[in-house]
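Q: Here are the chains, one letter per residue:
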Amino acid sequence: MEAFTTHTGRAVPLRRSNVDTDQIIPAVWLKQVSRTGFENGLFAAWREDPSFVLNNPVYQGASILLSGPDFGTGSSREHAVWALQQYGFRVVIAARFGDIFRNNSTKMGLLPVVLPSDVVEKLQEAAEADPAVEITVDLAEREVRLGSESWSFEIDDYTRWRLMEGLDDIGLTLRHADDVAVYENGRQPWLPTTV
Amino acid sequence: MGRTLAEKVWEQHVVRRAEGEPDLLYIDLHLIHEVTSPQAFDGLRMAGRTVRRPDLTIATEDHNVPTVLGPISDPVSRTQVETLRKNAAEFGIRLHPMGDAGQGVVHIIGPQFGLTQPGMTIVCGDSHTSTHGAFGGIAFGIGTSEVEHVLATQTLPAYRPKTMAIEVKGELPVGVTAKDLILAIIAKIGTGGGQGYIVEYRGEAIRKLSMEGRMTVCNMSIEAGARAGMIAPDETTFAYLKGRPHAPSGDAWDQAVEYWKSLRTDDDAVFDKVVEIDASTLTPFVTWGTNPGQGAPLGAAVPSPEEFGDPIERAAAERALEYMGLTAGTPLREIEVDTVFVGSCTNGRLEDLRAAADILRGRAVVTRTLIVPGSMQVKKAAEEEGLDQVFKDAGAEWREAGCSMCLGMNPDTLKPGERSASTSNRNFEGRQGKGGRTHLVSPQVAAATAVTGKLTAPADLAQGR
Ligand code: SF4
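Going line by line, the protein sequences match chains A and B.
First residue of the first sequence? That's 1 in our numbering, and the numbers climb one at a time after it.
First residue of the second sequence? That's 1 in our numbering, and the numbers climb one at a time after it.
By construction, these hints were calculated from the structure, which means they are not laboratory data.
Where hints are given, some of them may not hold.
Residues from chain A that face chain B, not an exhaustive set, calculated with beta carbons under 7 Å [unchecked claim]:
no., residue
1, A27
2, T73
3, I100
4, D157
5, I170
6, H176
7, W190
8, L191
9, T193
Output of the computed footprint for chain A on chain B, the stretches with three or more beta carbons under 8 Å from beta carbons of chain A [claimed, not checked]:
no., region
10, 73-84
11, 187-198
Owing to the predicted nature of the structure, the values given are computational and were not obtained by experimental measurement.
Where is the CB? At the ideal position from N, CA and C, for every residue including glycine.
Chain B extracted, bound-state conformation (with noise of 0.2 Å):
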């Protein structure tokens, strides 16, 4: 029987195989930042242990950093930041510290320098490493005490999880995003509806999606539950990582490319779930509560808790309703919000700000609004095409590298009761500050929102609505 490309992706990396043990996986890459690893670097020197290959590990600075130049302001930020550096110097590996030109938010930089390829084993000690599938290989976030495992032996102890193929027929209509869809996907499946598997995203939609769009949807796997979210690699693949600092050149890349094409699904493979959605009827999708799962289109109403026949569902949305100060039945589009922000591993990329600048372009911001490159990289791309200033003309802020308002580590939070258009991936209670409520979209939706103070598409803008 033919093998699912999570199969063939798992096996090729398998060090140790025993009855009754999970098997020890190989990593192929492990990357690192300031939060999850001081306590595992702790644990190395506590045990005398070293670090196996710092030559297959990579730390950058992200969670805590300010998004405005100058040094970091609080001072517990600051020491977990001088942390990683000590422990980065002590260890031997290579750190991409604040204000270093290859700086940036662990997800986006790995991809960036062509480090992230096909068929490797990735990970980090944080959820959104999956975002790395969408080069098809198998990336998921780990805890502190995995890290140490990994920094000391550069393995891992791993059940395979079971396989579920999202299978997404037809084409995305103008106007909807990778970033719709993925949001579809979780309303659909649930936030534990992937609990267990990789999952594998398939289909003439995937297909035709830019690498940026396709980390965007791997991206957010673990808000579906799935520990990792995978594409098969293609010619899209290959030639966003052609030329890129860390890719096979010459005789390698021929080599790896030939090796690369084998890494798809065989026809006769079966996997453990099959669950399909159509692109073609999707529209701008946001969300209304305080999980990713609680989704609907954007021209939909806040639903109430009635509909919902699980009763755990009811008491969840009944909630959520309380927290975000909604009102079932309240149209999406009439919900005013305070802040936008434009960024972070999900939606930080350059395509991404292309997307909001092209809104933005000729427009003036309503809300305070914040853009924020996910690398210097980015931002370097993105000045040199003139969308900062885009960004300026229309009255957003354009900040440097970082996780930024994704979530509550560094100063770029909300206020109590504040409300936010968000491009990031968690609207959970808290997540971009106490008592603030997100609202998670596109960034042509963000962008939008911007203009008009209230939750938009950018049809809406171009109809004058």
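So that you can see chain A by itself, here it is in the shape it has in the complex (with noise of 0.2 Å):
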């Protein structure tokens, strides 16, 4: 995973709420077995839409998603955060997320940063009034900034320390492999197997 320590960029303000994880990345673009190729699949029916806002050309190259509250429910599809990153995105900004996508993006260095709605809602009349201008994300310090103005924001240590680090669950969770194995042998007697 790439790390991810703080990224200023420009930003797409995406005026609605409930964006679930079926419009970031449609079921057709889920048959795919790569990991790349995403990209064209993001919002792939609201594109067709001319007036959609990603098809506006002064926010081609933007990296940093203003979305209303609720970004990423419904369906666990990591290919969500692919077709995010894999379109340019570093960062999303909203309200609120669903659970499982801001765990997939975690897992993938795309940063989830919850923000109060009416401070996402200046982000985005900002985007709005001024595609060119740039908004700072800084992990390090947990602070999005947009001129002399700064929020800050909540994200747990463990996490952010991962993605600064850019590092693999799984490299580290098998540093306590005699963890797991000591575990599996007080598990209760009955419990199934598939076998």
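Reassemble the complex: the two chains are provided individually, in unrelated frames, and hints are given to aid placement.
A: Quick look at the structure:
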């Protein structure tokens, strides 16, 4: 996973709530067995509408998505995270996220930032007024900055450390393989196996 | 202080706990299907890792499979299913492929085999894994990175979610089902209401539900944003499990039951949040919008966006009505549908099919009506009871097992602008096919709707409405 410390970029205002993962990447795109090529599926249905914000050339190359609340609800498809990243997003800012989406994002190095609705709205207004405006998302300081203003956001120490180091969870867990073995020996005897 | 059911099950599975880190949680059962696993197996291969416990892992083919006999004609779908077969063979994982007697939707087959038991931790690369919590375990959906993590280590690092009690007081009136109950709960707390929580459903109405009904309720926990939903095990749970292929037997059964009986929230335990709902006031419930929280009693009308005080909800309602092609004020009973779908991991079990058949017996459908058993075993059992004949006599289509029209990954889809009454769990834009419009309903409402072509409750049929 790509390490994340701080990121400065332009932002796209997505003025919708309940952006479920079926919208982020429709199911037909899930048939792929590779991990690449999902950028074309990002918001595929919505992008057919010429007035959809991602089709506006002024937001080309933006790397921060500013969404309404409840972003990434619904299906567990990690493809939603891959599609956002492969399209060029490094950060999504919203007032609330679906739990699984948020988890998947932090496994992949896409930073989900929770800010209050009114702050998100303020950022959206700024990006609408001037699409060239840059927003900084500083994970080290746990802070989002726009011009002279800044807002702090919460993220637990462990996830922050893992993101900043770009660490693979499996590698970390395998360091505790002995603990797993000990636990396994004490499991209740009636628990089922699939054999 | 006492502990909640969720806390008891969680504590039982902590492999390692360290200050400032998530708990490392042991996973008792890992369910796999073709869609969210290929990249995880690739990851294992690239890192030269193996599957730690293939004997705690089981795979099935469900999302891509056609529900008519014959091979998969879409080459991309076929490749995905074939990839699962290769991966299962290479890593030694039990697989129930298309056509196999044990095949079916992943959340239907776990309970059916008796692999889903009280007190277990169960995960799957699928958000509706919450279904399995109906047996009193912690079951939740994960993404592909986590699938790879569980394959490699049989554990997951996770913070324990907060706990929420949903107390369902009173009894469900006759004709009101588990599906109506959960749709009403989601409408009440919203699609984000459960975020960060494990929900425990409690109360008289929950205790009286069959295991099938409990699974329907827990299945849709995720639609309220909750990672998991659970119900304390009781005699209904034990009776369902007894004699199933992977349930304990002999002395082990007695030991297990004794332990399972301890799996209940202590009287003095405190939940982080409590929500109460009165079951006795409920009526059949349907959705009118594009998220599962946008629902109303069938007797109501399509709401006006003006009714929503919150500007974000108002904008969402406006957008939903536009997408759904609905006008505020239209009675829900007047909404005409083209297609009825009975199936999915929410309502594709035998009890659901029986409920639909009871309504369709001796009647004729006027819409395209797909009846899709959730598993091959459900199909077989339904045919032994002659339900297939009831459906066919009514003019409905009786299909093979799979996810079918729950999501647009297989040939069963809505065309743009088509409208369905569907027993599945998601009415998201395009979920059942691009441009398709979905109303979530119970199997009973689905069947009655197929008869009239408009959203209808079974009681309306009896009254000749
Ligand atoms: S039936 Fe629907 S919700 Fe259930 S696993 Fe299949 S696609 Fe997912």
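Q: Confirm or reject each hint.
A: For each hint, the structure was consulted:
no. : hint    : result
1   : A27     : 5 Å, holds
2   : T73     : 6 Å, holds
3   : I100    : 6 Å, holds
4   : D157    : 6 Å, holds
5   : I170    : 5 Å, holds
6   : H176    : 5 Å, holds
7   : W190    : 4 Å, holds
8   : L191    : 6 Å, holds
9   : T193    : 4 Å, holds
10  : 73-84   : holds (count 6)
11  : 187-198 : holds (count 4)
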